[in-house]
Amino acid sequence: MDFTGAHILSINQFERSDIERIFEVADAMEPYALRRKATRVLEGAILGNMFFEPSTRTRVSFGAAFNLLGGEVRETTGFQNSAITKGESLYDTARVLSGYSDVICMRHPEEGSVSEFAAASRVPVLNGGDGSNEHPSQALLDLYTIRQELKDRNRGIDGLRIAMIGDLKHGRTVHSLCKLLCLFQNVQVTLVSPPELAMPEDIVEKLREAGHDVTVSEELTHSITHVDIAYSTRIQEERFKSKEEADLYRGRFRLNQAIYTQFCEPNTVIMHPLPRDSRADANELDNDLNQNPNLAIFRQADNGVLVRMALFALVLNVADQVDKYAHPVTWYSGR
Amino acid sequence: MDFTGAHILSINQFERSDIERIFEVADAMEPYALRRKATRVLEGAILGNMFFEPSTRTRVSFGAAFNLLGGEVRETTGFQNSAITKGESLYDTARVLSGYSDVICMRHPEEGSVSEFAAASRVPVLNGGDGSNEHPSQALLDLYTIRQELKDRNRGIDGLRIAMIGDLKHGRTVHSLCKLLCLFQNVQVTLVSPPELAMPEDIVEKLREAGHDVTVSEELTHSITHVDIAYSTRIQEERFKSKEEADLYRGRFRLNQAIYTQFCEPNTVIMHPLPRDSRADANELDNDLNQNPNLAIFRQADNGVLVRMALFALVLNVADQVDKYAHPVTWYSGR
Amino acid sequence: MDFTGAHILSINQFERSDIERIFEVADAMEPYALRRKATRVLEGAILGNMFFEPSTRTRVSFGAAFNLLGGEVRETTGFQNSAITKGESLYDTARVLSGYSDVICMRHPEEGSVSEFAAASRVPVLNGGDGSNEHPSQALLDLYTIRQELKDRNRGIDGLRIAMIGDLKHGRTVHSLCKLLCLFQNVQVTLVSPPELAMPEDIVEKLREAGHDVTVSEELTHSITHVDIAYSTRIQEERFKSKEEADLYRGRFRLNQAIYTQFCEPNTVIMHPLPRDSRADANELDNDLNQNPNLAIFRQADNGVLVRMALFALVLNVADQVDKYAHPVTWYSGR
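Chains as they are written, first to last, in numbering that gives the first Met the number 0: chain A, 0 to 334; chain B, 0 to 334; chain C, 0 to 334.
Simulated from the structure, these hints should not be mistaken for laboratory data.
There's no promise every hint is true.
No copy is singled out in the list; a pair is fine if it fits within one copy or between any two copies.
Said to hold, decoys possible - Below are the EDC-like pairs computed for lysine to aspartate or glutamate, each with C-alpha atoms no more than 20 Å apart in a straight line:
no.: 1; residue 1: 85; residue 2: 280
no.: 2; residue 1: 85; residue 2: 236
no.: 3; residue 1: 178; residue 2: 201
no.: 4; residue 1: 85; residue 2: 52
no.: 5; residue 1: 85; residue 2: 243
no.: 6; residue 1: 323; residue 2: 42
no.: 7; residue 1: 150; residue 2: 217
no.: 8; residue 1: 150; residue 2: 29
no.: 9; residue 1: 85; residue 2: 42
So here's chain A without its partners, still in its complex pose (with noise of 0.2 Å):
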């Protein structure tokens, strides 16, 4: 695709090549990223970053994402307040909204309002997740992290044996990267859930169609003992009728390091999309795996950064301008 000036609204409409070309420009921030050096290049530019539904580090992600490319970020949070509620349409809303910046990520809680909002809008808009439809930079920096992960060992995304554990089926995060591995060869895709929780049957039938290896289990330590990474999932209890039912499912795959040590090959890597339940009763992923090094969940935290900056860089056109305006650090910085 051409990326200049598109609109980035959903994993369906990258190509294979679409991804490398995302993830090699998101390797060339990783210097920025590490306040190794500061670039300029897009001083003077606007990011109207429109969460008409709240999130911190969504939002607070592609704003620092703007900022590590020199931009600045007008945001809004909530629409309680917003002409919406006066009889606006979202036409009009994409109309105004869009003589103020010079792109626009937006997160708004009902399904293809992004999409809808982007066919009004006079500059390029980034998906920044449309209820429970599509989040499709949450999608590409999962893809990335475990590329990295496994690069140090000679391993990629083609043939990778990955474990997606928990609710699989309103997990928005790992639909998405099911969909993007079908992009790739020869991957294993173990998903281990209770059958009420399973993972929708299309999205099955397209790793399948994929060539993918699919295995279904409601046991998970038998399926984490041959896998590159161990993907877990919050049971994500809004998504439930009630509390008690989602009850029912909670704290039924635990990861701890014990199990990791004992049914793991080593260096297998754990992630998942956050936030992990850390209550006692859910405990998804122990907290006696912080100091494990695999533990790989901020690193993809962290991620989000690269490939944010890699879609407003690729969006904007400056992707291959980023070191020309570079300019030194001159602050402290530990990482």
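Put chains B and C on the given structure of chain A with help from the hints.
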């Protein structure tokens, strides 16, 4: 007036030459708003964007205007937790907050509050709307839009023919626009509303005292046959005692493409202060006008950025230095 | 202490030499705060201004201080929708958020939370207030103000005569100020409050252990006759069981110009942590003091910016480079 260090509180403080100066500076801001170049003229300056009443678009428009001049923005929205609830006077709030920035834009739900705040502020204050009282930058962007739209056809504000349509009783923007028009000559104003929502008598009187030709009507189609501008407004449901009362008037003066084609002169410009109510029972300006090149409603919103840049540049006395600090734009812009 | 990369969590971590270093750097920030020049020393750096409890003035003050050093600010206010409600530990929140910025300022309603957050953070954390526990930058700005106000009359913190007045039980700021004063010599402290709102005994003890002269009184006028500083505080209604109980004490120790003239030495400095309660039944510091040049309450707020700039500069180790990255201010400033 001398703009340097001045508060911008009310359109009543302007003479015609002041308006012309603001518009001249707004014209010079266009290359920056269109991202043909960027400027660092306010690099290091801070706008305190103090919205004690939420507003996405006015707040973001002011903030973006300041960013486009190279400045930084610190913001607040709402005041449910502010010191005001602990008995702090507006005087104290102003003394404190004005120590944090170089200029303040303030919105506040109470009439007169922004002027009271400005009296105690140590930096210039721009009124971003104080209740139903004043919103001077909105009135300026309306008038600027009229000037810009008519420029190509060698017409101007002197000699203007304008119809104002809808809720003329509650519409703060049309009140202010009428007052500004009193600074110009030979304007023909047609006021179209139900009698219960008529333009306040004192404003009609002011227009007549300025020598303008005022016609009052309850009928849309005949009122828009010979005008340069058809300025439609929203039935402001929130100002009525009940939704039912507002419903009596909603949708009374709908303008759509068929009516436009049948009754208007070619190139009649359509304006609206936004948000327009696009719900089926309101539909003040039908969506089928969206393809009409004379629908100027989004250019109005865009012009708001130019006018606000001009106000900042004048009040901070950098209007003549903007170009001196210009630098090239590196990124993609579809504008 | 070595400031580089350090967390600033509590005034207990400072020795006298640390305070003096902070104040020395704060002095050097004055030309920037007064807009005589601007600096780019933190250009490209990001402050995560994480206010998990709303606060307009402290939040904006920290943000403005960072902007004045050339840095960018990403913010959050409140946490009703945050991951914490999904069972995320403060450890995880800290690991994630510290990946988005170079330094974090954090306010949180729970005592000790900021320290817990800091322990997991990968970047320096400044405590912006954790419940009724610590708010170190407020204590520093109070002490800095005392130093600045007395400078012109060749007096200093050693040998200071100060009266603290009002709700000394709940006032976090006076507690912290007393602790800081223990680092200095020969201070005379008069504590004026109703017995029910007296300064906690352990703090009185600390002052006496430091060799200071402590007087306890229930009477205002005789307590302010021979002091350099009259430090008034607000009856913190929100800390009482009921408004009625707070009303018992409200307005008990009013200071106005007549009392000042009759009882105080000329040039006695009036301070208050703000907000002052200006409602008729409270009126701790009467509005007729607003013209008194010794009313230092707004200079206190201004000094907060200097002290916070100093903390950022020290923690990020750029205190000695601020001038190297200076550039001229182009815009009007009435300061």
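Taking the hints in turn, this is what the structure says about them:
{"no.": "1", "hint": "85 to 280", "verdict": "between (43 Å within a copy, 12 Å between copies)"}
{"no.": "2", "hint": "85 to 236", "verdict": "between (32 Å within a copy, 8 Å between copies)"}
{"no.": "3", "hint": "178 to 201", "verdict": "within (10 Å within a copy, 63 Å between copies)"}
{"no.": "4", "hint": "85 to 52", "verdict": "both (18 Å within a copy, 16 Å between copies)"}
{"no.": "5", "hint": "85 to 243", "verdict": "between (38 Å within a copy, 15 Å between copies)"}
{"no.": "6", "hint": "323 to 42", "verdict": "both (13 Å within a copy, 16 Å between copies)"}
{"no.": "7", "hint": "150 to 217", "verdict": "neither (30 Å within a copy, 72 Å between copies)"}
{"no.": "8", "hint": "150 to 29", "verdict": "within (15 Å within a copy, 48 Å between copies)"}
{"no.": "9", "hint": "85 to 42", "verdict": "neither (35 Å within a copy, 37 Å between copies)"}
Hint check: violations occur at hints 7, 9; the rest are consistent with the structure.
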